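Number of protein chains: 2
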Amino acid sequence: MSDRNPRDRKPPFRRPGGKPFDKGRPAGGHAAGRRPAWRDRDSGADDGPVILYGWHTVTLALQNPGRHIRKLLLTENAARRLAEDNIKAPIAPEIVRPSQIDQLLGPDAVHQGLLAEADPLPSPDIETLAAEGMILVLDQITDPHNVGAIMRSAAAFAVKAIVTTNRHSPEATGVLAKSASGALELVPLVTVQNLARALTTLNERGFMTVGLDSEGGDNLAAIALRQPLALVLGAEGKGLRQLTRETCSHVARLDMPGEIKSLNVSNAAVLALYIGATRLGLMG
Amino acid sequence: MSDRNPRDRKPPFRRPGGKPFDKGRPAGGHAAGRRPAWRDRDSGADDGPVILYGWHTVTLALQNPGRHIRKLLLTENAARRLAEDNIKAPIAPEIVRPSQIDQLLGPDAVHQGLLAEADPLPSPDIETLAAEGMILVLDQITDPHNVGAIMRSAAAFAVKAIVTTNRHSPEATGVLAKSASGALELVPLVTVQNLARALTTLNERGFMTVGLDSEGGDNLAAIALRQPLALVLGAEGKGLRQLTRETCSHVARLDMPGEIKSLNVSNAAVLALYIGATRLGLMG
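Quick mapping for you: the protein sequence lines, in order, are chains A and B. Residue numbering for the first sequence follows my numbering, beginning at 566 and increasing consecutively. Residue numbering for the second sequence follows my numbering, beginning at 566 and increasing consecutively.
You may find that some hints are simply not true.
Unchecked claim - Cross-link-like lysine-lysine pairs, in silico, DSSO-like; alpha carbons within 27 Å at most:
hint, chain 1, residue 1, chain 2, residue 2
1, A, 653, B, 803
2, A, 803, B, 653
3, B, 803, B, 826
4, B, 653, A, 653
5, B, 803, A, 826
6, B, 653, B, 636
7, B, 653, A, 725
8, A, 725, B, 725
9, A, 826, A, 803
10, A, 653, A, 636
It should be emphasised that the hints constitute simulated quantities derived from the structure, not laboratory data. As the structure is a computational prediction, the values presented were derived from the model and not from experiment.
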């Protein structure tokens, strides 16, 4: 990033936007002001450390053997709760006052006394995904709250992976990680250069690829769904890009009885997951 | 409000927080910084005008004969789109440049060239609600994005009304109105002083009142649901307050097959609405 000092390669913490924390400049969410609390990968920046805060987000990261924690700040209360729950941190925490975390994240971040800096998790190759169950494919959904909520729902419905584009997707850090409530540690995130090519690969590997679109020809709940199933969601407003839609094996809508015919994208995602899991006999 | 100048009682626009717009001070959403983009009614402030922006939010308000529009700012493009769609404004718009709306709302508000100041809609009395179909009851859900998304889903599932508390609820303006995507004009919002008393009234009027709680004894999808049905949702983290839970006729959980057992509250709401509408034969 242009305003990153190359002599300052390993700052103790970096903001979710990929920059070093800067006292007094909020970074945690709504408070981030004019700067989005995530970095668009178009910037070409390398993958810096990710910022994790909040009880579920941090405790699941601490318990994920595949997650390398670089630094851990805990309040005394949070350290006591971890001990009570018998959750061991892989590194020694720094015990801090809540206000010190407030200062790093900004006043609106609900951190619950836990803040970690960690390495990003590796992105599996799409060829290595097992051809079973359900996966989600996100076509340029940019809002980190929505992507986080979608990841959380994906973990709740035992989704095997989430496929997103490298570009025009928020990074798995900060607000997204908080909204995901630990789901980052549970659902592999597969990032790809070209979504249509990824869908072609999924089609070739036997996935049924169903794009969701309010103009879709069939109602999702009325289609004969089968495993492995990939549900494909587009951004609010823009919807699925044309090439995405054309590469899906099916395009379906979500029928609803009321006057409004479209949902918030994370609401549409959870409904599609419920319908998919129910039809595929995955509800357990 | 303490910092409102009494000599400035009728500003041309007021921020979603209930204060006059102030050039250069963002008001539209994430950009609002340390100030929440809604006013907690605890402040005792009177109901000021509400701020509506965005295509769906404003066009549905313009078409709602029950909504009194005080002021309407449109860009030339937006005015042309309204004319093309044959949507008549009840008052003469001021034609402005997009940057003028940006300045009023802050840079993160996706206003699409439309900004209206309107009177709040009246809150119907809970006694007047028809005892049929589904309603939603929200127990101190404070995040305006979540409440807005819930209202949008409520309109999609033909919910008859949403009941919330006067206090500890965001106002139906600004970010909430934008997230609701026009649903404010479609779903009556009933505000009450005391939620337990409102639930008692609903019970007496024959509603089945089902609180959603991850510790609930039954799975919502496995309960014999009946009309009229009230689905009751608590805030994330806190969940249903004890008295709310005790006053519901049933408490149910949403069973899901994955490792995470709780959803973002708007995701839980849409799932409960789908299950309710399906079981009650309301899917049309």
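To see whether the hints hold, each was checked on the structure:
1. For the suggested pair residue 653 (chain A) and residue 803 (chain B), the alpha carbons sit about 26 Å apart, so the restraint of at most 27 Å is met.
2. Distance hint between residue 803 (chain A) and residue 653 (chain B) is fulfilled; the C-alpha atoms sit about 26 Å from each other, no more than 27 Å.
3. Simply put, residue 803 (chain B) and residue 826 (chain B) have alpha-carbon atoms about 15 Å apart, close enough for the 27 Å limit, and the pair holds.
4. Between the alpha carbons of residue 653 (chain B) and residue 653 (chain A) the distance comes to roughly 63 Å, so the proposed pair goes past 27 Å and is violated.
5. In summary, the hint linking residue 803 (chain B) to residue 826 (chain A) is not supported, as the alpha carbons are separated by about 31 Å, beyond the 27 Å threshold.
6. At most 27 Å may separate the alpha-carbon atoms for a hinted pair to count; residue 653 (chain B) and residue 636 (chain B) meet this at roughly 14 Å.
7. For the given pair, residue 653 (chain B) sits about 49 Å from residue 725 (chain A) by alpha-carbon distance, which is inconsistent with the 27 Å threshold.
8. Between residue 725 (chain A) and residue 725 (chain B) the alpha-carbon distance is near 37 Å, which puts this suggested pair outside the 27 Å criterion.
9. Proposed proximity of residue 826 (chain A) and residue 803 (chain A) is supported: the alpha carbons are some 15 Å apart, at most 27 Å.
10. The suggested pairing of residue 653 (chain A) with residue 636 (chain A) holds, with an alpha-carbon distance near 14 Å, which does not exceed 27 Å.
Consistency note: the structure conflicts with the earlier hints numbered 4, 5, 7, 8.
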